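J.: Chain by chain, the residues:
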Amino acid sequence: MERIQVAEELSFSRIIHGLWRLADWNYSDDKVLELIEHNLDKGITTFDHADIYGDYTCEALFGRALAKKPELRNKMEIVTKCGIVLPSKNRPENHTHHYNTSQQHIIQSVEQSLINLQTDYLDTLLIHRPDPMMDPAEVAAAFSRLHKDGKVRTFGVSNFKRHHFEMLQSYLEVPLVTNQVEVSTYHLENIQDGTLDFCLEKRIAPMAWSPLAGGKVFQGKEEKAVRVRNTLEKVRREIGAEDIDEVMYAWLLKHPSRIMPIVGSGNVERIDRAVRSLDYTLNHDQWFEILQSSMGHDIP
Amino acid sequence: MERIQVAEELSFSRIIHGLWRLADWNYSDDKVLELIEHNLDKGITTFDHADIYGDYTCEALFGRALAKKPELRNKMEIVTKCGIVLPSKNRPENHTHHYNTSQQHIIQSVEQSLINLQTDYLDTLLIHRPDPMMDPAEVAAAFSRLHKDGKVRTFGVSNFKRHHFEMLQSYLEVPLVTNQVEVSTYHLENIQDGTLDFCLEKRIAPMAWSPLAGGKVFQGKEEKAVRVRNTLEKVRREIGAEDIDEVMYAWLLKHPSRIMPIVGSGNVERIDRAVRSLDYTLNHDQWFEILQSSMGHDIP
Amino acid sequence: MERIQVAEELSFSRIIHGLWRLADWNYSDDKVLELIEHNLDKGITTFDHADIYGDYTCEALFGRALAKKPELRNKMEIVTKCGIVLPSKNRPENHTHHYNTSQQHIIQSVEQSLINLQTDYLDTLLIHRPDPMMDPAEVAAAFSRLHKDGKVRTFGVSNFKRHHFEMLQSYLEVPLVTNQVEVSTYHLENIQDGTLDFCLEKRIAPMAWSPLAGGKVFQGKEEKAVRVRNTLEKVRREIGAEDIDEVMYAWLLKHPSRIMPIVGSGNVERIDRAVRSLDYTLNHDQWFEILQSSMGHDIP
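Residue numbers (the working numbering), protein chains in the order written: chain A, 2 to 301; chain B, 2 to 301; chain C, 2 to 301.
Worth flagging that the hints you see were computed from the coordinates, not collected in a lab.
Bear in mind that the values here come from a model prediction, so they are computed numbers and not experimental data.
Just to be clear, a hint being listed does not mean it is correct.
If several chains are the same, the list does not tell them apart, and a pair holds so long as it fits within one copy or across any two.
[Stated by the list, open to error] Derived pair list, reagent style EDC-like, types lysine to aspartate or glutamate, alpha-carbon separation capped at 16 Å:
#1 K162 <-> E202
#2 K162 <-> D194
#3 K203 <-> D136
#4 K203 <-> E167
#5 K255 <-> D136
#6 K255 <-> E139
#7 K217 <-> E234
Model the full assembly from the supplied sequences, consistent with the hints where possible.
T.: Structure below.
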């Protein structure tokens, strides 16, 4: 599988596996391990986590599977996130939903993630959301410490707009390596507001969450969903794909910013279709037809 | 006429002539040549084209006139654009309306423009619209090749916001020389969203398309059109201008970003009024009265 | 009181006193002097003016009080602004409400401010509003002249967005030292649109006007006002503050951009409460509860 060089000594697989629903799948540790190995076989070596996924449980479910074959660790890249605080039965000390990007919180969160994931290091740590109360000097201190201690190799952000990114970057010694944003045929905001342009400008490849728009396109009854679905279906027939999810991935993959879609499924057939989408290339007509079906009007 | 230095060895006339309606005028080649010579006499030496104008026909109409007096070529600056693809009986290979800023498309488009315009070189090539699928490395490669081959002297953009401009610029070896945007007493978007501020920051002078708002101000019945028209009429009387189009041009000319209005008329009297607008200077009261009539409310 | 270093040789008190309502208080010169001395005693050494405050009268009211004890001048920092032109019985030559940031206007305005304030120099001059017609070269020339003549020590802006700031800064020889913007628990725009992030990026501390939202939170009947007031009241009880204005100040003071709130009251008890707010520290839960009560919805 194509790989994206995100830092001098770190590359991600073009297709990334996302574990945010891992707790919902009710998989045994063996079944999780099987899934991990399937992904690695297919060339999907990058796994996307967050401290809060599954009410703070997903990282540990993954870690338990990994512990059964620790030799897989150096065949994969682990990404996780911190910065959101959620009230949860698993975190009785949390009272309200808020963000916390203080030095102390970031370090504690990473240390817990390492325990959960049963690993000594993270390949990449992302700040999960732009925090209106973020003290960039605190974030910089936390990153610096975690890097020196060998706990985190590289750092990035998620859901950041240009101004958040430039501000934080100006306090850091090392370049942020990615920005994980929502982008799909259905959700164009980051294409339209300059966020992906900024990634291109900074030579960083974005990760895409919800690349299939969380099912909206498959089942949605609203006009936009129907419009996009029909166009995807038309293009699917033209390129001979099996399902419209392949078209949705292919649409993202054609964007010059080198989007890395995060596949959030625990179903190997769906994962395989995501991998197969790398073989399809949309032409300009098809790419813009899909864009305009999502915009709901012609381009100027 | 005042000239604007857009690059080290290239200047434009402050007033530019736009040919996007040339096909509608049904002028003979001699009549077009007459119009060109009238403009040159008045100091309007810069001519604005695009591949798509007149359903891909305007460039060639201009070229046929120019071919009758090829010695005029080095007395003028020719600007044209590419990047939009339109279905057209003149381009049967085009299926849908989309953008194409690939290296191949840009180069082919310029080569066709040179044939149409019956010239060996363009003074400036503009990317017509920000393309959400633009690969800046492809654009950079196209520009580099066209420049080395002597086919295009300088490059710019049109309808770009700051993030489009900075992204593309970061891939280019030479500075973009202009940004052609819609701006008029009626259309304030690029004044209000920072696009003209960014031109000032980058020391590039913008070109203004639709400086008369496409007739909306002259005939419009909506509240805004009436309001702006009445204010322009008041100011016209104050400064002793003949028609409100002169006030609309003078309003643009007073802006510190050194806006170069594109006059899109084939009528010499209207063109002459545009030239005459250079002689009027609005005062602060007048400039802000017009601004506020267009905004529909007081400034803060 | 904590001080904020705004330039190499200039610091402001964290709490600033604003004089925009000075004319409304109908204070005798002695009473104004008393207020000034009260502020200085409390550590509030920075005073915020504008040419236009009180219909062009406030600066002179302050100046008359200062003239009674000129030795206070070097114990305080005086900030004033220019750039807005208002029709006024005190300025019969003004015809319309507009902005004027020409070299001539800026210099004349400062010279009048110096006379009004009965001082030889301003510590900081701010451009009051982003002027859509601002010629940055004119502003730069005015600043340069005023600085060379010893009339103004440092320069800043007010109500500027990032694009205004970067554009103007690119023409200046010295860094702008602050951006005075509206920000409060009720008015989040500058927190949400990146303006405060930009201040952090540029290492400049913003001044906050209307830090109490001009009374809206105290008396407002609209849903948002009630919601914010109730949350402030809850937090007030939690931290043991006397009034919700202390909570509103503490909320601003916790922001990492080092906001300097401008207290616009002539009432010493209210001023003292602002000073006392420096002793309270909100926790993350409290800060975000207030934020969300103002947003009207949960953070993502």
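J.: Each hint: holds or not?
T.: Status of each hint after checking the structure:
1. K162 <-> E202: Both, since 13 Å and 14 Å are each at most 16 Å.
2. K162 <-> D194: both (9 Å within a copy, 10 Å between copies)
3. K203 <-> D136: Only across copies: K203 and D136 sit 14 Å apart there, 22 Å inside one copy, limit 16 Å.
4. K203 <-> E167: both (10 Å within a copy, 10 Å between copies)
5. K255 <-> D136: Between copies, since 10 Å is at most 16 Å while 36 Å is not.
6. K255 <-> E139: between (37 Å within a copy, 14 Å between copies)
7. K217 <-> E234: within (15 Å within a copy, 41 Å between copies)
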